[in-house]
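**Student:** Sequence:
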Amino acid sequence: MIVFWKVFESIVILLGIGIIGFTIISRKIVPIKILDVISPLILDIALPCLIFTNIIYRFDPINFSTWWTLPLWWIGFTIMTILLSLIGMKLIKKKFRPEFGVSLLYPNSIFVPIVIIQNLFGDNSSILVELFLFTLFFPAFMFNTYYLFFYTKGSVKNKFNWSKFLNPILIATALAVVLRLSGGYQNIPNVILSITKILGNTALPLILLLIGGNVYVDFKKKGEIQFNSILIFITIKNFLFPLIILLLLIIIKPPFSVAFLIFLLSAVPPVTAVPILINKAGGNVSITNQFLISSFLVSIISIPFVMLIFENFFTIN
79 MIVFWKVFES IVILLGIGII GFTIISRKIV PIKILDVISP LILDIALPCL
129 IFTNIIYRFD PINFSTWWTL PLWWIGFTIM TILLSLIGMK LIKKKFRPEF
179 GVSLLYPNSI FVPIVIIQNL FGDNSSILVE LFLFTLFFPA FMFNTYYLFF
229 YTKGSVKNKF NWSKFLNPIL IATALAVVLR LSGGYQNIPN VILSITKILG
279 NTALPLILLL IGGNVYVDFK KKGEIQFNSI LIFITIKNFL FPLIILLLLI
329 IIKPPFSVAF LIFLLSAVPP VTAVPILINK AGGNVSITNQ FLISSFLVSI
379 ISIPFVMLIF ENFFTIN
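In our numbering, the protein residues as written are 79 to 395.
Keep in mind the hints are simulated off the structure, nothing from the lab.
This one's a predicted model, so the numbers in the text were calculated from it and none came from an experiment.
Heads up, a few of these hints could be off.
Unchecked claim - Pair ranges (Cβ atoms, derived):
1. Lys-168 <-> Ile-276: 31 to 41 Å
2. Met-79 <-> Asn-306: 30 to 40 Å
3. Ser-260 <-> Leu-321: 14 to 24 Å
4. Leu-326 <-> Thr-393: 13 to 23 Å
5. Thr-280 <-> Arg-105: 14 to 24 Å
6. Trp-146 <-> Asn-265: 15 to 25 Å
Glycine included, each C-beta is placed from N, C-alpha and C at the ideal position.
From just these sequences and the hints, can you work out the full model?
**Tutor:** Here is the structure:
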């Protein structure tokens with residue numbers, strides 16, 4: 079039960095800081111437009127610095143010779159979630175299927191896992207580095223595929239975007255790995271690493287405040303509540319996804335850290351950028367917000383619960 083309560087505490091921390099962000103925006107302590115400033119600050123500066131610093135300090139390619147397999151595991155996991163998402167879409171009203179599929183497919187792969195990993199294994203855990211390597215291609219994949227769900231609606235104008243593929247997160251991860259492999263990291267001045275560390279430390283609080291602010295914006299646009307669709311989404315996303323993935327992990331028996339990351343990403347709610355993506359694709363933002371908010375709220379129980387089941391097959395030290 080220790081794992082249950084630690085994971086529960088992690089989600090409470092997420093929701094607690096998110097509520098602060100919600101309050102700040104709802105009471106107009108800062109204008110809503112600040113969210114447009116915080117988002118690129120996080121994705122283009124703070125988060126890449128966090129990833130770069132963690133890899134430079136904690137990635138040991140000699141003792142972790144199989145590091146290069148992590149992106150391959152992610153590809154396998156993504157293929158499986160694509161199949162599950164396509165099957166899940168058949169269970170929802172046809173008019174909501176694109177929004178349903180996008181919300182199922184793209185998990186909160188970095189922000190929520192960071193808090194859970196730090197609370198379970200400590201701030202200096204190597205699993206945090208493995209998370210960054212595992213999700214190396216996730217941003218590029220998400221930004222260059224979400225619009226495919228909307229081809230049937232004839233509203234898609236997006237094409238493959240190299241700027242989204244070669245994003246700051248991927249560049250920071252690749253650069254840090256190269257520097258560690260080559261030994262070039264030893265020549266980085268301490269002042270540079272101190273700067274990236276300070277900037278990286280701002281990523282998590284900014285992310286959580288951004289989530290809270292976005293929830294407020296999303297809540298205002300929730301529209302008519304689609305209870306049946308929400309219930310189906312929560313059942314699939316918060317419970318069936320992780321349980322199906324766990325069954326596959328028991329059969330495959332990957333290394334613990336790989337199994338943990340795959341399972342954790344199968345259990346987390348959708349990435350908070352989903353409403354923005356849906357809006358760009360001309361989809362129904364209202365139902366997307368309902369999927370996102372409901373999944374986040376239920377995750378306070380669902381993630382600790384499924385993690386407790388996971389621990390029965392993969393011991394969490």
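**Student:** Taking the CB of Lys-168 and the CB of Ile-276, does the distance hold inside 31 to 41 Å?
**Tutor:** Cβ of Lys-168 to Cβ of Ile-276: about 48 Å, so the range 31 to 41 Å is violated.
**Student:** Can the suggested window of 13 to 23 Å be confirmed for the beta-carbon pair Leu-326 and Thr-393?
**Tutor:** holds (19 Å)
**Student:** Using the beta carbons of Met-79 and Asn-306, state whether their distance is inside 30 to 40 Å or not.
**Tutor:** With Cβ atoms ~34 Å apart, the hint holds.
**Student:** Do the Cβ positions of Trp-146 and Asn-265 conform to the proposed distance bound of 15 to 25 Å?
**Tutor:** holds (24 Å)
**Student:** Looking only at beta-carbon atoms, does the pair Thr-280, Arg-105 fall within the given range of 14 to 24 Å?
**Tutor:** holds (23 Å)
**Student:** Taking 14 to 24 Å as the stated bounds, is the beta-carbon spacing between Ser-260 and Leu-321 within them?
**Tutor:** Taking Cβ atoms as reference, Ser-260 and Leu-321 lie about 42 Å apart, which means the hint is violated.
Violated hints for the displayed structure, listed by number in ascending order: 1, 3.
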